[in-house]
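K.L.:
All chains, full assembly: derive it from the sequences and hints.
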Amino acid sequence: MIFLIQLLNGLQLAALLFLLSVGLSVVFGLMRFINLAHGTLFMFGAYLGVTCAAAFDSFWAAFFLAPLLVAAGGAALYGILLRHIRRKSPMQQVLVTFGLIFIGFDVVRMVWGRFPYSIAEPAVFAGSVQIFGQVYPAYRLFLIALGIAVMAALYFGLEKTRVGAMVRAGVDNRRMAAALGINVERVFFFVFCLGCGLAGLAGVAAAPVFPVFPGMDMSILILALIVVVVGGPGSLKGAVFGSLLVGVADTFGQVVFPEFAAATIYALMAAVLMVRPAGLFPAATVH
Amino acid sequence: MTRAPEARDPLAMVLAAAAAIAWLFTGDFGKEVLSEVAVFAIFAMSLNLLVGCAGLVSLGHAAFFAIGAYAAAAFGVFVNLPLWTAMPLAVAVTAVAAAVAGFFAVRLSGVFFIMMTLAIGQMVYAFFLNSRAFNADDGMAGIGRVDFSFLGLDSGEPAVFCAFAVVAAVAVFFLLRMVARSPFGHTLAALRQNEPRLRSLGCPVLRCKLAAFTLAGALAGFAGALAAQHSGFISPDLAFWTVSGEVLVMVIIGGMGSLSGAALGAALVILLRHHLAGLTEYWVFYMGVLFVLMVLFAEDGVAGRFSWLLRKLHRRGKNV
Amino acid sequence: MFEARGLKKSYGALAAVRGVSLSAAAGERHGIIGPNGAGKTTFFNLLSGEAAADAGDVFMDGKSLGRLPPDARARAGLGRSFQHNSLFAGLTVVENFAIAAAQRTKLCKIFWRDFFACKEVFEEALDHAHRLGLGAQAHTRAAHLSHGAMRQLEIGLTLALRPKVLLLDEPTSGMSPEETAAIKKLIRRLPEELTLLVIEHDMDVIFDLASCITVLDYGEVLMQGAPAEVRASPVVRARYLGAG
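The listed protein sequences correspond, in order, to chains A, B and C. Numbering of the first sequence is given in my numbering, commencing with residue 1 and proceeding in unit increments. Numbering of the second sequence is given in my numbering, commencing with residue 288 and proceeding in unit increments. Numbering of the third sequence is given in my numbering, commencing with residue 608 and proceeding in unit increments.
Among the hints, a few may not be true.
Calculated pairs, DSS-like style, for lysine-lysine (alpha carbon to alpha carbon, straight line, at most 30 angstroms) [as the list claims (entries may be wrong)]:
1) B:K599 x A:K88
2) A:K160 x A:K237
3) C:K713 x C:K726
4) A:K237 x C:K615
5) C:K716 x C:K771
6) C:K771 x C:K791
Listed next, the stretches of chain B that the computed footprint assigns to chain A, with coverage defined by at least 3 CB atoms under 8 angstroms from CB atoms of chain A [as the list claims (entries may be wrong)]:
7) 389–395
8) 405–414
9) 571–583
I should point out that these hints are in silico values taken from the structure, not numbers from a laboratory. All values reported here derive from a predicted model rather than from experimental measurement. Just so it is clear, CB atoms sit at the ideal spot from N, CA and C, and this is done for glycine as well.
P.N.:
Dropping the structure here:
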């Protein structure tokens, strides 16, 4: 039953990718703004998690504090930098966030050094669970459950609340939404901070499973970008299906064709883009 | 796109003079640095064709730099070809790779193009990192240099290889300037300004972009083939995203769309790196800050500031 | 002969064009009118390939254009101008025309000659600018032109393609009476064998120029006929011409 284990591993990666890509995707849908430093926020989530876990000697303190700190960082980033480049061309916005990757990479090295860290998983999920006769780490199941819980919360938030309706209106037609009196810029700020917080959450949640090191941002950023592109930017559905596809394909790719592990994902992306250049479930019309 | 500023290129002359002076008066280390500048100037100028002329921002250009380097090394080490043969073959291999990658990339526009090129770059990186044939993450060492013995010269001498690299950079400069000034180059510039309109005028825009992508890739491969010879060692890191980022920094610092600006950007970044690397461990940080500041406040880059200064001096000279 | 058969296009729940057919003989001057939101520009986008039709096809001289992209349609002789000016804003008038001519003559593939030394396209471009009455502004950047001159450049760019079928999307929009008169003159001087489809809000212009008129409403053909018939039709009067 190696298949089951791999499927669970794939789902676990998909859960992390979902946390990361949903913010990227919805922000892009709202403002045509892609934050390449999103992976950097993920890395900061992991490192802040490491520090909080050590300071409070508790995984859960890190689990709740790190995302808040990253969201606050995102708000500061918006206030200091991003707000002022809203009028620049999309290309310049992307390039600025690309520059932030360089800065974030070295800031991490300055503060935490170059050696890898990790966080011990919480005692509740430290053991293993038996599923269909297979032993599987409980913490990884928790990650899958976390992804599902966040997905459900976001679905509820987007479909049933006022703010969610504003976000959907903004993604659908920004000008129309603005004409209806929605402060799109404020909605954008809110979504951006939420996206940053989720990236931080993904970072701290990943820390017990993946090594925390300078450079962890890029490998996950590439996967998250692929999720956005494959799923189609702007939609929750796109982020969900994109994450599942990429997470599972990447995991099975590593088992089935270890030599071409990296290539499976890119082949998948290329195939999807050839058939549907705007992704599987595009919410926003892209020109 | 008006004719006047292109016709004379004082910056290019200043750069050529600086290279000549550096070659004459610096020691071996200076000549090694100059060789590196020349190699990266070729790399940056090739990216400028995409970013500056056609408006296609690629974050995966290092892929072709690495493919060129690996191909030159592989033809030299595995097939035992002399580098005079291996280098053109490496450029051809890179051109084919760029055409294949471009086939997927040029269909997308804007941010999607950026993401696709980023993914292409990381894919090539992962390929070299995992391929046992190319020694995976150990890379390949012992790559020779082009043979100048028919001229009685030893290319192992820094002065000889450095002169070769600088001449190659000058040749690429003239090649790319010819392309930029041609009807094809102006069509690319029009494409950057208004792609839908150009398409409605019957321009096969996808083929134009693919041609530009392939040419830029091939020249990046040429730069890679030179880089492999210069250091004698290659590793998957050549394809890593930081290399793509760095060469984009060169183009942007130099000034998008200015060919001599890209060469200047290469020189500035390389010199800055050698300088900062001695002072601080965290030069990537400073480069990031510089990059962000350039994007925010000096869209036309150092080259743009330079020509602005020249114009100002010129005007003042007239008034006196 | 230019023909559109059963073109359909929906955006989500909105059916913008629901089965429009139309044919125009060579040299015909065909006007397209209809209230705002009738699907006129979407219909043009389907003809020129800017948007892909959900159903239906376009034929030029009996040949199906199928799913050809806009550039291939342009090369087949289908030219269009845009409702909102779409120019190369950083280029001068002559350079705009020269770029257009370079596409038509395939000069755009040449990468070894100096563009500005390519006399053939620049002479043509300058000549073209004079014929369009833009001679005085030939070396002005498109971005610095007056609205009327931009509109002329917009149409002129499409004409530089030397199309067999020309689609003009509201050529006189936002123009003064004098500028409108100039555009009317320009359209009248077009080669006789050229097939023209023109969307226009100015009824004087359209009834004056067109030999046949198609009225679109809610993405459908309300009626097709000679200007006099359309003007007399009670349905069109009620729906569109209003009290006038």
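K.L.:
Now, for every hint given, state plainly whether the structure supports it.
P.N.:
Verification of the supplied hints:
Distance check on the hinted pair: K599 (chain B) and K88 (chain A) sit about 27 angstroms apart at the alpha-carbon level, within 30 angstroms; holds. Using a Cα cut-off of 30 angstroms, the hinted pair K160 (chain A) and K237 (chain A) holds, with the two alpha carbons roughly 16 angstroms apart. Between the alpha carbons of K713 (chain C) and K726 (chain C) the distance comes to roughly 15 angstroms, so the proposed pair stays at or under 30 angstroms and holds. The straight-line distance between the Cα atoms of K237 (chain A) and K615 (chain C) is roughly 28 angstroms, inside the 30 angstroms bound, and the hint therefore holds.
Only pairs whose Cα atoms come within 30 angstroms are accepted, and K716 (chain C) paired with K771 (chain C) is accepted, the gap being roughly 23 angstroms. A hinted pair counts as satisfied when its Cα atoms are at most 30 angstroms apart, and K771 (chain C) with K791 (chain C) qualifies at roughly 19 angstroms. Here the segment 389–395 of chain B counts 3 residues with a CB under 8 angstroms from a CB of chain A, which clears the bar of 3, and the coverage holds. By the rule of at least three residues with a Cβ nearer than 8 angstroms to a Cβ of chain A, the coverage given for the segment 405–414 of chain B holds, with 7 such residues.
Given a C-beta distance limit of less than 8 angstroms, the hint that chain A covers the segment 571–583 of chain B holds, as 9 residues qualify and 3 suffice.
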